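Got two chains here, each in a separate frame; can you build the complex from them with the hints?
Chains A and B, in that order, give the protein sequences. Per my numbering, the first sequence starts with residue 1, numbered consecutively. Per my numbering, the second sequence starts with residue 1, numbered consecutively.
No lab work stands behind these hints, which were simulated from the structure alone. Since this is a predicted model, take the numbers as computed values, not measurements. Glycine included, each C-beta is placed from N, C-alpha and C at the ideal position. Among these hints, one or two may not hold up.
[As the list claims (entries may be wrong)] Here are the in silico distance ranges between beta carbons for each label pair: (1) B/Trp106 - A/Thr112: 24 to 34 Å; (2) A/Glu164 - B/Pro300: 22 to 32 Å; (3) A/Glu146 - B/Leu490: 47 to 57 Å; (4) B/Ser432 - A/Asp113: 39 to 49 Å; (5) B/His108 - A/Lys372: 38 to 48 Å; (6) B/Lys398 - A/Ala235: 22 to 32 Å; (7) B/Glu448 - A/Ala235: 44 to 54 Å; (8) A/Pro292 - B/Gly42: 35 to 45 Å; (9) A/Leu80 - B/Pro241: 44 to 54 Å; (10) A/Asn370 - B/Gly76: 15 to 25 Å.
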Amino acid sequence: MKFIHPLTLALTLGSSIYADDRQAEFYLREEIPTPKNEVLELGSIAIMPDRKIAVASRRGDVWICEGAYEKDLSQVQWTLFARGLHEPFGMFYRDNSLYLTQRPEITKLTDTDGDGRADLFETITHYWGIDGDYHEYNFGSDPDKEGHIWVVQCLTGSSKASPESPWRGWAFRYSLDGRQALPTCSGIRSPGGIGFNHVNDCFYTDNQGVWNGSSSLKWLKPHSFQGNPTGNRYAKLLDLEEPPNPQNGSRILIERAKDPRIMPPAVIFPHGKVGNSPTAVIYDSTAGTFGPFQNQVFVGEQTQSQVQRVFMEKVNGIYQGAVFKFLEGFRSGIVPMRMGEDATLFVGGTNRGWAARGGKKFTFERVRWNGKTPFEIHEMHAQPDGFTLTFTEEVDPTNASNPASYQVAAWTYIYQKSYGSPEVDPVTPIVKSATVSPDRKSVRLVISPLTLGHVHHLNASGLKSAAGKTLWHPDAYYTLNEIPDSEKKR
Amino acid sequence: MRYLALFTLLTTSSLLAQDGKDLYSIYCSACHAPDGKGASNGLFPPLARSEWVRGTPERMIQIVLRGLQGPIQAVGKNYNLVMPPQGATLTDEQISKIITYVRSSWGHQETPVTTTQIKTARLQHPDQTSIWDAHKLLKHYPLEAPKKNPHRINDLLSHIHHGKFKSLQELRASEAENVEEEKEGFISLDQSDRKNYFGLVWNGWLNVPQDGRYHFTFSTDDGGALTINGQEIITRDRIGPATKPSRKSINLKKGRADIKIEYFEYSGKEEITLFWHGPEVNNQPLHKKKPKKRTAPSIPLVPPTGEALIYRNFIAGSDARGIGVGYSEGVNLLFSAETMALDLIWTGKFINAARHWTNRGQGFEKPAGNRLIPLNRGIPFNLLESQTTSWNSKADPKLAPRFRGYRLNAKQQPTFMYEFGDLSFTDEILPSGAQQLTRTIHITIPKEAPSDTPLYFRALSGAPVTSTGERSFTFISEQFSLEVLAPSPLPLIRNQELLIPIPLGQATQTIKLTYTWK
Numbered sequence: 001m002k003f004i005h006p007l008t009l010a011l012t013l014g015s016s017i018y019a020d021d022r023q024a025e026f027y028l029r030e031e032i033p034t035p036k037n038e039v040l041e042l043g044s045i046a047i048m049p050d051r052k053i054a055v056a057s058r059r060g061d062v063w064i065c066e067g068a069y070e071k072d073l074s075q076v077q078w079t080l081f082a083r084g085l086h087e088p089f090g091m092f093y094r095d096n097s098l099y100l101t102q103r104p105e106i107t108k109l110t111d112t113d114g115d116g117r118a119d120l121f122e123t124i125t126h127y128w129g130i131d132g133d134y135h136e137y138n139f140g141s142d143p144d145k146e147g148h149i150w151v152v153q154c155l156t157g158s159s160k161a162s163p164e165s166p167w168r169g170w171a172f173r174y175s176l177d178g179r180q181a182l183p184t185c186s187g188i189r190s191p192g193g194i195g196f197n198h199v200n201d202c203f204y205t206d207n208q209g210v211w212n213g214s215s216s217l218k219w220l221k222p223h224s225f226q227g228n229p230t231g232n233r234y235a236k237l238l239d240l241e242e243p244p245n246p247q248n249g250s251r252i253l254i255e256r257a258k259d260p261r262i263m264p265p266a267v268i269f270p271h272g273k274v275g276n277s278p279t280a281v282i283y284d285s286t287a288g289t290f291g292p293f294q295n296q297v298f299v300g301e302q303t304q305s306q307v308q309r310v311f312m313e314k315v316n317g318i319y320q321g322a323v324f325k326f327l328e329g330f331r332s333g334i335v336p337m338r339m340g341e342d343a344t345l346f347v348g349g350t351n352r353g354w355a356a357r358g359g360k361k362f363t364f365e366r367v368r369w370n371g372k373t374p375f376e377i378h379e380m381h382a383q384p385d386g387f388t389l390t391f392t393e394e395v396d397p398t399n400a401s402n403p404a405s406y407q408v409a410a411w412t413y414i415y416q417k418s419y420g421s422p423e424v425d426p427v428t429p430i431v432k433s434a435t436v437s438p439d440r441k442s443v444r445l446v447i448s449p450l451t452l453g454h455v456h457h458l459n460a461s462g463l464k465s466a467a468g469k470t471l472w473h474p475d476a477y478y479t480l481n482e483i484p485d486s487e488k489k490r
Numbered sequence: 001m002r003y004l005a006l007f008t009l010l011t012t013s014s015l016l017a018q019d020g021k022d023l024y025s026i027y028c029s030a031c032h033a034p035d036g037k038g039a040s041n042g043l044f045p046p047l048a049r050s051e052w053v054r055g056t057p058e059r060m061i062q063i064v065l066r067g068l069q070g071p072i073q074a075v076g077k078n079y080n081l082v083m084p085p086q087g088a089t090l091t092d093e094q095i096s097k098i099i100t101y102v103r104s105s106w107g108h109q110e111t112p113v114t115t116t117q118i119k120t121a122r123l124q125h126p127d128q129t130s131i132w133d134a135h136k137l138l139k140h141y142p143l144e145a146p147k148k149n150p151h152r153i154n155d156l157l158s159h160i161h162h163g164k165f166k167s168l169q170e171l172r173a174s175e176a177e178n179v180e181e182e183k184e185g186f187i188s189l190d191q192s193d194r195k196n197y198f199g200l201v202w203n204g205w206l207n208v209p210q211d212g213r214y215h216f217t218f219s220t221d222d223g224g225a226l227t228i229n230g231q232e233i234i235t236r237d238r239i240g241p242a243t244k245p246s247r248k249s250i251n252l253k254k255g256r257a258d259i260k261i262e263y264f265e266y267s268g269k270e271e272i273t274l275f276w277h278g279p280e281v282n283n284q285p286l287h288k289k290k291p292k293k294r295t296a297p298s299i300p301l302v303p304p305t306g307e308a309l310i311y312r313n314f315i316a317g318s319d320a321r322g323i324g325v326g327y328s329e330g331v332n333l334l335f336s337a338e339t340m341a342l343d344l345i346w347t348g349k350f351i352n353a354a355r356h357w358t359n360r361g362q363g364f365e366k367p368a369g370n371r372l373i374p375l376n377r378g379i380p381f382n383l384l385e386s387q388t389t390s391w392n393s394k395a396d397p398k399l400a401p402r403f404r405g406y407r408l409n410a411k412q413q414p415t416f417m418y419e420f421g422d423l424s425f426t427d428e429i430l431p432s433g434a435q436q437l438t439r440t441i442h443i444t445i446p447k448e449a450p451s452d453t454p455l456y457f458r459a460l461s462g463a464p465v466t467s468t469g470e471r472s473f474t475f476i477s478e479q480f481s482l483e484v485l486a487p488s489p490l491p492l493i494r495n496q497e498l499l500i501p502i503p504l505g506q507a508t509q510t511i512k513l514t515y516t517w518k
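Only chain B is shown next, with the shape it has when bound in the complex (with noise of 0.2 Å):
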């Protein structure tokens, strides 16, 4: 309540003579655009024309009073923003004016709103303390479905043919593979199940408004005819493209019209499209519109040839600190700066940067490529008391690690260095062809040892580990393998973990290891 009692303090002078597209000025126009269509060229949701904006005002309420986050679609175009909330820096007057604004602007012409409006919207989903998500927003408010359309196909019925037709003779001797209840009402290709050697047939029937006179426009590629209560009054029996739509015309009663479409084609490019015209329906088209194409944005990073390209951003098999690294060879890896693992390898692509370098950069991105090996999350070097001392993910005090760059080699392929405590590391990590990596761990060890317990590095953990010889291991599938390259120390297998014992005695250690993809 005091929240509210402060609004009425709210009388400050020089916002008094606002109107909302003043208002809307200030306080929207940087995103929205001054023109309603969406700052820097569409790249921010536009609300002219906006389905958001039609119908009830309480959704937009909501957004303006709490914000909005989360994937959306606004006019035929996918966002994924925030809008951050309004509700605490305007008032309610200034609120309504806005909404009001918006909703009488670009075309819309909806109906005003009341400051009691906004008022009453405050009070309403007082669990909703942060940002709307706004697929929990239009749970409340669903957006409204674009309008029936009263001049589509009434029980509509898609019969799909299979065969090389090239005339309508054949595709009428042909028997229907599938029939398919086609509940929009309208006519596509998308109904069939294939691109080429086809035909289809429908039916159902048109609903005349009255008495009249009606023009059909119909186009096919390849061929087909329609035929209207029983008289087949277009024949485009050919092959050949969809140029130059075939016209005619009709007297209809009011009512029922039985409508037949048959179709077919061969082979090439295929279309289809079919209008009519009369009293009371005006250039109705009876086909789907294409929906436009809605590719997902890609950015694929491609290694150049003989290089390693490295991606530092979130990718999912890491931490927030992941580091990726991809080779040209074909393979590449996923290192964690936080915890020093190897978190993972795979072959092929890389990644697609696209849900990082487009909008703001949220999510966790999959690797782009395949035969993904996680080999071992979280601190890879321990001090175990025994051998049967359990691997403490946590890292020990006094083997704290600290990540401490790359060096890049003249490939611009890295090797990693890091620290655990007073012992210090490199790790060179080098493709041998499309199928295989090569690591080598240089560890320098100071002449104090930091403790008697002995070190152990974890190679491999998650998943159960198979001998296939002393120094050869099998993990994840029996099309990987992993081996220890003497003179690095024996490893051993303990549940589900590969550990290879490190002594401390001498001033440097090595460990070599390849990893091969079968």
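If we strip away everything but chain A, and leave its shape as in the complex, we get (with noise of 0.2 Å):
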């Protein structure tokens, strides 16, 4: 049995940009015009009452969409709603208004004298710090339950933090009227997204570099640090408790166990493998109308233009999980995501600055399946001596519970300040057994060894469903943050 290897997946996409024909099969990809004349690098996409879009590009530009969701999208009309807004990302209505996270504020936007353009901008926070230091992005979310807009404040020039400019690395929350400014995360780097998932825990994704071995999905629990200690000169302005120090050259789970504030990455995309710059964070909020992925998270990836799966699930108090490559062969790097009405997912993309295999300087897409169900690897769960399996359809039980039909590889990273870091720790598991359910929907494989910290990379190109077809996507990387003790029920 020859290993596929990851890499084989990863050439074919460097060297035909997109290699697997198989989405139309499932899913529908097409691009919605933009206003004619219009440079629309989008930065937030929010979805507003009447089937209308609005989006917000990074010159500073909020247009409005009608006929978004129509079959005829050469039908689409434009109408300017705003102009003037320093490099927004992350906008949505709520009660007559556009709320929007800028660079120096959020703001809320309201047209009030009814003519379709905002007459009224106000200022809802300014709390945070900037410098005139272009990296100084902010991403905001959607309101949470309590009425909190979340925001990841990127440090100054992606590395650094000044006095001049507080409040660089951390994430805070801010209430809709201004009034609160609540201190919430330390230790981010730079973020390129961030969303709720569907228990309205938040998320953000913070790329590769000083302090973050590689890309990753992070947990944004409340008075957690995230890994860069570069803010942490920040803590005294509010007499909070100084942030962990971690080690330089260490590993998260070493520093873990030192500091149980430090929060591991809840899922680590590994660089070029799975992607460069991951962004938006959103999940599946439809009831099963956009394919079988109800409730997991999509994430954007800029340079691939690329829009990743991932499973996640509570370990011993602690979100870890897999990712799944998804969704490709987008127009341009893509940052904002939504899902609309009618399961249809908004996808906006700019490559200014930052390289993109879409090519196009910026894109306005949308997304749709087609009722087919792609055969693929479902949840990936952690059991206390392997993972277990499910898939969205059945499995041929021959194939499947061959264990040489499953590959795996694990490693970790070094927590340090340089940028980045090699994959190092190297193991080679076994995959000792695998076990097809009665349903022959899931599959429980036993590895060893398990590896606590490591990345866990899974392929399964082996694999056959029922029906005799391979996986759309064999691979799968799993953050081992925490090993169950018991066996879990799934």
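Shown next as structure tokens:
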């Protein structure tokens, strides 16, 4: 049995840009025409009433689109709502206003005279500092149940924190009236997006760089430390407890044991293999009308112009899980995403300043499921001695019960001040047994050894469905922050 | 040393089988493209044909290890991006494979690079703990100059003649205005100081590689002549376009051959080309090729007729929270949402957004117009114990500034809203023609005044203020004036400041000003 390497996939992607043409069997990706003569480098998408969509561009314009759900996209109508905002990332609609997180502040935009254009721009908060560095990006969430907007505030230049620019490298929650500014998490580096999962926990993506061995999806558990100590200096401004100071050149697992405030990345996206720059965080809020991935998280990928799929579970109170490749072929680098009505996924993109496979300077697209179920690993659960895989279709039991149908490699990253990390401490676990469930929709793998703290890369290209299909995406990367004590029922 | 020790642990099984091309594909091709031409149709720097790849590998190794930032030129195009460092991500072996692959791909034929070279390079420049600035890196590892052209014109001199020449005779009857040494060894019309009514005469010598017959191809707009070793072999004594070049051959001996080129331009288009061809000389141009025009990107922002346009970005003259407003009347302003000061006003063009809207948008852009008047930087409202208390640039905690946003009228013109402590302000600034702004500040004062200490508005600061009347002042230039309109309180001048006291006894106060360019 030849080990089909993850690299093979990456290489195919490298040589011919979109190698797997199976996507069209399941999902329809369509470009939505943008206003003529406008550079609409999308940074935000908001769903509005009456089947309207608002988008905000990096140039600072807000446009409203009508017809984005219709069959004939050539008929979409665009209306200019506002200009002159400062590189907004994160916008939502509430009570007749659009709220938007821009570089200097959170702003509420309202059309008070009903002429279709915003005339009132109310500053909700400008609590954080900015000093003129272009990299001080802020990504704002939708309001949570308490009415707070979560904002992740990128470090200055993605690696610095100056006294003139307070609260870089922190996540804050701001109330919609601007009266509350709650320091929520320290340890942020360079976010690419923020959003909630189906149980209202907040996550953001952080990019490979200093103190980030690889890019990852991180859980913003209030009062946790997300890994990068650069912004720690601001804690004293509000008499907060000094955040952890991890040792350079260590491992997350080791430092976590010393200081439990350190929150390990929920799901690591191995650099180059899964992506290079993760962005938007949304979850499949449909009732299964966008495919079989209800409640799973989707993450944008700027460089590869893709959307990745994430399954997460909580083990010993900590989120962890697996990332799978999902959608691709978008025309620019994906930054914002939104699940709209009719199970329509809207994605927007830009490649200004950061290259993307899609090649176009900007794009606005939608994706819909055509009702056919792809053969995929549906979920991947950690077990005390391995993993349980569930599938979207019944598997071929002969094939699925053969341990040789699965290959596993594991590694971790150096937790360090330098930019990124190689894959280190490699382990090659053996698949000892593979047991197919009576309904043939899941397989219990016993794997030895399981390595705490390591990314476990599973390749199941040997597997076939009962109907004889191979997996659309055979690779899964599971971040094993915790190993459950006892058998978990799936 | 701990760092290096960790690298020895690296035998990640899943990476063992990779060659340079695989690694390039995973780690580099997203930006530099699988074909090395730069991703997004060359929006990102190419490696194919790049002078950054040629010659010594140390420069490239350093870039891969420590990253690169700042403006660069590669294959004739400008870039200003950031390459993230890969030294902590990739092993010595991976880096050597990638660099060796690039140095032998897409036409490059450079020597391979060993892991030892990477190891050595890691230890060099221990002070360079951050990303390399391009200019600093190039000081250590300069790009190799393009190879010297062996077939240029030696000791080339250009003689510039001024006159409305229509023939060689007229050109030859004139005296040269100026003589210049042209060290590059190529003739070029850039060596003239004008576009019309001039002549250029060049002389120098060619180094003929061997005895043989050499062909010259000469084209001019308007006329000219080519003389080799004293023999005028091509004569184009006419006014007209460059179409149809003249060709002539001549036997030359190995060694020095004198060359003289005469040229004149009456008016209209101008052009000159000259090639030579023969043994060991392959159709070699002796004229300088026109450099590709490198136009700085320009995105001028023009307010629509009758409207204002807002540009919120980093604008020179304010802080990072500056808000630029351009009015179609031809006046512009820059308001700080950090200090609430009207920092700067100017006339003419608004601003060029290219700096921020191409690439990543670093830096502060200067206003595009003229007659810039920096009115006042820093907090504009303050409590002063007495008229001699100096202005505190930091906000009084009782009077902390808070930006509340702005409201746009039908012409998209903003009225700014802000607070200082419990005092709330609306600040409306409107154009009155192409040379005047009228500003109305309304202050709402709560019943309990915040302090017994008097409040002041600093209308001008940073330069001497000259009084031209009780309520009229000039500032920066005699051509610029400020008027404090009644019934605003009477202003007072002190050292490089104009202050307006604001009584807090009433529920509201209004200050009305005009700013006028003469």
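Do the hints match the structure? See the list:
For the hinted restraint 24 to 34 Å between tryptophan 106 of chain B and threonine 112 of chain A, the CB-CB distance of approximately 58 Å leaves it violated. The given range of 22 to 32 Å is respected by glutamate 164 of chain A and proline 300 of chain B, whose C-beta atoms sit roughly 31 Å from each other. With their beta carbons about 51 Å apart, glutamate 146 of chain A and leucine 490 of chain B fall inside the hinted range of 47 to 57 Å. Between serine 432 of chain B and aspartate 113 of chain A, the C-beta spacing of about 24 Å breaks the proposed range 39 to 49 Å.
Between histidine 108 of chain B and lysine 372 of chain A the Cβ separation comes to about 47 Å, which falls inside the hinted range of 38 to 48 Å. Checked against the hint of 22 to 32 Å, the C-beta distance between lysine 398 of chain B and alanine 235 of chain A comes to roughly 26 Å, which is consistent with it. A hinted range of 44 to 54 Å for the beta carbons of glutamate 448 of chain B and alanine 235 of chain A is inconsistent with their spacing of about 35 Å. For the pair proline 292 of chain A and glycine 42 of chain B, the supplied restraint of 35 to 45 Å holds, since their beta-carbon distance comes to about 41 Å.
Range check, leucine 80 of chain A to proline 241 of chain B: about 48 Å between beta-carbon atoms, so the 44 to 54 Å window is met. Between asparagine 370 of chain A and glycine 76 of chain B the CB atoms are about 47 Å apart, so this pair departs from the stated range of 15 to 25 Å.
Hints 1, 4, 7 and 10 from the earlier list are contradicted by this structure; the remaining hints agree with it.
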